[in-house]
Structure formats: structure tokens, C-alpha cells
Amino acid sequence: MSLLQVENVSKHFGNLVAVDGVSMTVEAGELRAIIGPNGAGKTTFFNLISGFLTPTAGYILFDGEDVTHMLPARRVWRGIARTFQVTEIFPELTVRENLRIAIEVAAGYRMRAWISPEADGKVRARVDGLPMSGLTSKAERQVGELSHGDQRATEIMVALALKPRLLLLDEPTAGMGERETYKITQLIHKLHRDQKMTIVLIEHDMRVVFHLADRIMVLAEGHLLAEGTPQEIAANEAVQAAYLGQAA
Amino acid sequence: MNAINKRVAADVLVWILLLTMPYWLNGLGGYTSLGSRVLVLALAAMSLNFLLGFTGVLSFGHAAYFGLGAYGAGMTIKYLVPSTLTGIAVGVIVGTTAAAIIGTLIVRLRGIYFAMVTIAFGQVFYYIAFRWNSVTGGDDGLSGWQRLPIDLGFTRIDILGNDKAFYYLVLVCFAIAVAIMAALLRSPFGRTLLAIRENERRARFLGIPVDRHIWFSWLISCVFVSLAGALYALLNNFADPHNLRWDQSGDFVIMAVLGGMRSFWGPLIGAAIFVVLQDYVSSQTDNWMSFIGLFFVLVVLFFPRGVLGLVRRSAPS
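Line order of the protein sequences matches chains A and B. Heads up: the first sequence is residues 1 to 248, going by the numbering used here. Heads up: the second sequence is residues 1 to 317, going by the numbering used here.
What the hints contain is simulated information worked out from the structure, not anything from laboratory work. Please read these numbers as outputs of a predicted model, since none were measured by experiment. Glycine is no exception: its CB is placed at the ideal position from the N, C-alpha and C atoms. Do not rely on the hints blindly, as some may be mistaken.
Here are the computed distance ranges between Cβ atoms for each label pair [stated by the list, open to error]:
(1) 211(A) x 182(B): 47 to 53 Å
(2) 146(B) x 140(A): 39 to 45 Å
(3) 165(A) x 13(B): 47 to 53 Å
(4) 190(A) x 124(B): 54 to 60 Å
(5) 92(A) x 12(B): 25 to 31 Å
(6) 8(B) x 25(A): 26 to 32 Å
(7) 119(A) x 10(B): 24 to 30 Å
(8) 212(B) x 92(A): 56 to 62 Å
(9) 128(A) x 175(B): 49 to 55 Å
(10) 71(A) x 105(B): 17 to 23 Å
(11) 124(B) x 38(A): 46 to 52 Å
(12) 105(B) x 66(A): 40 to 46 Å
(13) 212(B) x 141(A): 29 to 35 Å
(14) 131(B) x 8(A): 23 to 29 Å
From the derived model, a few chain A residues whose C-beta atoms are all more than 10 Å from chain B [said to hold, decoys possible]:
(15) 134
(16) 182
(17) 183
The shape of chain A in the complex, shown without the other chains (with noise of 0.2 Å):
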């Protein structure tokens, strides 16, 4: 059984098309990139699949489960963890409490209202064991006070420590500089390799979607333009002349 599969989805905002009958199926362990023009409808097929929206037509299953109406956090609980577009952190906290937060939820702790120095010697355990990449020294610092590489990569270790079974990423070196690209290419890769990671990422990089990916689909205008193997993505025509066309 697929982990994710995801039917003829459609999201219609009054007369406008976002997203036309999409379908998507991701297999455990693979790393899954959704390319395409700006306006193409790749955030709003995400929003469908995390439950930040609900779609007019279509379903979605995840491990063989209904979710398409699922709230957002039920979502979570069964392991879909997401970051966006903009940023979403918790920018007056630091970073080690971002993460504190995520865990605890994650851990079912989230309505305990006492303080168990017991649970909490736990928390910090997970905290300490999450790969930090590189923002072990700034992990008292809030994270508003941080550049936007470093806030980027916060958002990704606070859905990281959800230990989640899908991970939806929006853009992640969106707005990041080359050094800072290459830290979260290397942080994404390691966790589709090394951790197995069912990972689906939205990228306008071209370098970042064709190292990383297993399979590519490409969106344009809400539709499904094309689907396959990065090699079979890159000889496309059609996606030549919509989108790699206009980039070349």
C-alpha cells in the first residue's frame, strides 16, 4: 500500500481553478519534488494534503486512511508534519523551546498540565538528540532573532520533532543564500537516506529538485503536466516548453 495517495483532487476558490484534478501516489521512503510556474497550484495542492484546506472534489488516503476532511491536527497525529512558504515559527521563544513544544505534543503531553521532572528529563534528552544542523550555538537564542536561514531551518526541525511519517516541505531554501542551500540540501538528503523519510518537497531550484528527487510531478495552471523520474522530467517537451523553457 502507497503511504500517500492522493485522487483527482480539486480546489475551486469561486470561479477560480487552483488545483484540477490532481492525482499524486508517494511510496514509503521516497523523496517526491513538485515543480512548476509560480501560480501553478503546488502550495494549494499542499494545503489540500496537510488539511490547511479542504478540496471541492476528490480524496485523499494516507496509509489507506480518509483524511481529505481531517482537521489539521489530527493530520499530525497520524505523522503528516509540514513547514511553509513563510516562515511559521514560534519567534519569541528560543529554539530549544520551539523544539520542546513540538516533542511534547509528539509525545501526547500536550494537555499535561503539571510539571513532571521525570517527562521533562526525557524532553531534553530528544531535544539534545535532534540533528541541530548548526544551530546547536543558538539554541538559547529566539528564533525571531535569527537570520532567515536559521529560521528556515528551525521550522524544519520543529516538524522534524513531530518524528513524523511524511514530511511536506514548502520551498525550503526559498530565500536562502548558496551556503545556507547547500546545509539544508545535505540536512534533506541525509533524512531520505539515512532515516528512510517519506518526503515531499514544493522547490523552485532546479539544482536542489534534480539532486534530491526520486520522482518529479510538474503542475501548471492546477494541472497534472507531467510525472516520472527526473530523467524522464528533464527529456519532457511539454515541460520544456512550459516551464524548463522559460527558465533556459
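Put chain B on the given structure of chain A with help from the hints.
Same frame as chain A, but now just chain B:
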């Protein structure tokens, strides 16, 4: 001195000042029941701030639950059981029950919509108290009753005749409420509230059912604001329909913002400034509210983090 030691030192200082207040307040030109008033209103403002400062949700209708606590306590003593502690308990139960029901109806709303609806519900209770003359005393308020000495079996505490005894009853209630709120804020549940304040979208996509957690925060806040209301009625031996009105809610918000809503003790400072200014200025002029208003505007303009925020910033860390 590191941050944790500083916080402990501040806590110790606050508790010492509160424990000894009846013994130094008179020397400064105050009187014991003024101290009780500071404590009661501080409890209300700190309860509001549990929701406002630590969950990021603005209620402009907390006076409703404050007033329900007041009328609950007063009417119990006047009509049902001549017992101070029973009155307090009934006041808290009445306020909390109303908050639980209303909270369920409004918890999906955010920002200005939430604030407006809390005002609207508050005004409903105000008009009931204002119009139902035969039971609530209407515009004149609920009078003709008074707090009664507490009989513990082995000893009798005369909270009616002895202002200091009543002050310490209020302080015990205040301490219990404040300790519970402080512990909650340091628990995993408390951190989910901070998460919601900081970024609701992120909180939701972390797996926090945001509406449910806001409901709990609202309820906890209203439990303690009802307690404050019950104590306020006992302090005055009187329940006033204005305790339920939206301008009373506004006073609580002013106290919290004045003192600093991001700090735990901020609303206590805000309430102290508010009550002392009110007591002093109102003896000089009827327009005391314009002085509080001016002071509030100056604080918000120049120290947006409140009086405590200012102290924190200027203190070398």
C-alpha cells in the same frame, strides 16, 4: 545573577511585600482594605492575563464572570446560606458554569470578533442584574448582607470586624490561584498556550487542537476571575451591577497592559497603580478616570511592554 535566580528573587520579594502589606501600608497613608482591593483586582487582572498575555486571546468581557462571582457570593449569603466560604464557592461555580457554556459558543472566533462577542455576552448579564430589581437590587446593587466570620470548628476568624483577617483570607485565595496559574504555565499544557500566542498556524500544524486549548485557557481564566469577583463582593459587602459592565472589563485590560502583559507579575503592578491612583486622584477630583487614561496612554506610547517591561529592559542582565 542568572535569569532563574532573578526570577526567584522577584517572587520572594513579591510574596514578602504581600505578606507584610497590612503592616506598612498604613504608614504610607493607605489602609488595609485598600490593600485587599489591590489584591482582589490584581487577581482579576492576572486571571485575565492568563488568557491575554499567555494565550494571546483578548477578552473584553471578563467583568461578566467577575460580576457573576460577586452576585453568586452575595445572593448566596443574602438568600440561601449565611456562610462566607459557601458564598465564595457558589460565586466561583456560577461564573465558571457561565464561562464554560459561553466559551463553547465563541471559541472559534478570533481577534476583534472574539473581543466584541465577549462584550456582548457581558452586557447581557449586566442588563439582567440592572433590570431584575426584586432579586438583584437593580441599579442600586445587592446590599443588605455582609460577609460573616469563618468558623473552622477549633477557631473563629473574624473577617468582618477585623480588616487584617479579611486581607489574609484574600491573600490565601490569591496565593492558591496564582500558584495554580504559575504551575500551569510551566507545564507542557502551558507551553501549548504560549505556542498558540506566538503562532496559531504553527501550533495547529504541530498537532495542537487550538480551539480546545483556547477553551481551557478561557475557562481557567474565568474560574479565577469569578473567585476575584466573589472576594470583591465580600470586600464591599455589596455587589454592584457595574461590576458586570464592559467598562469594568476594560479596567482589567488596562491593569494588565499597564503593568506588562508579557510578565507574570505585571498585572499585579498594574492593579496596584490603578487602585492607588484611583484612590488618591478621586479624593482630589471627580475626573480621576481622565488621569488614569492619560497615564495609560503614556505607558502604551512609551513603554509598550508595560511598567514591568520597562524595569526589565533597564536592568542590566
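Checked hints:
1. Under the hint 47 to 53 Å, the C-beta atoms of residue 211(A) and residue 182(B), about 50 Å apart, fit the expected range.
2. Residue 146(B) and residue 140(A) have their C-beta atoms about 54 Å apart, which leaves the hinted 39 to 45 Å range violated.
3. The supplied range of 47 to 53 Å is met by residue 165(A) and residue 13(B), whose beta-carbon atoms lie about 50 Å from each other.
4. As the Cβ distance of residue 190(A) to residue 124(B) is approximately 59 Å, the hint placing it in 54 to 60 Å holds.
5. Separation of residue 92(A) from residue 12(B) is about 26 Å and conforms to the stated range, judged on CB atoms against 25 to 31 Å.
6. Evaluation of the 26 to 32 Å hint for residue 8(B) and residue 25(A) yields a failure: the beta carbon distance comes to about 57 Å.
7. Take residue 119(A) and residue 10(B): their Cβ atoms lie about 27 Å apart, and the range 24 to 30 Å holds.
8. Taking the beta carbon of each, residue 212(B) and residue 92(A) are about 23 Å apart, not inside 56 to 62 Å as hinted.
9. At about 36 Å, the CB distance of residue 128(A) to residue 175(B) disagrees with the hint of 49 to 55 Å.
10. As the Cβ distance of residue 71(A) to residue 105(B) is approximately 19 Å, the hint placing it in 17 to 23 Å holds.
11. Taking 46 to 52 Å as the suggested C-beta distance range, the pair residue 124(B) and residue 38(A) conforms, at roughly 50 Å.
12. Against the hinted window of 40 to 46 Å, the Cβ-Cβ separation of residue 105(B) and residue 66(A) comes to about 30 Å, which falls outside the hint.
13. Checked against the hint of 29 to 35 Å, the C-beta distance between residue 212(B) and residue 141(A) comes to roughly 31 Å, which is consistent with it.
14. With their beta carbons about 59 Å apart, residue 131(B) and residue 8(A) fall outside the hinted range of 23 to 29 Å.
15. Interface exclusion of residue 134(A) from chain B stands, the closest Cβ pair being 21 Å apart, more than 10 Å.
16. Chain B leaves residue 182(A) outside its interface by the beta-carbon criterion, the shortest separation being 26 Å against a cut-off of 10 Å.
17. The beta carbon of residue 183(A) sits about 22 Å from the closest Cβ of chain B, which is more than 10 Å, so the claim that it is off the interface holds.
Of the numbered hints stated above, those contradicted by the structure are hints 2, 6, 8, 9, 12 and 14, listed in ascending order.
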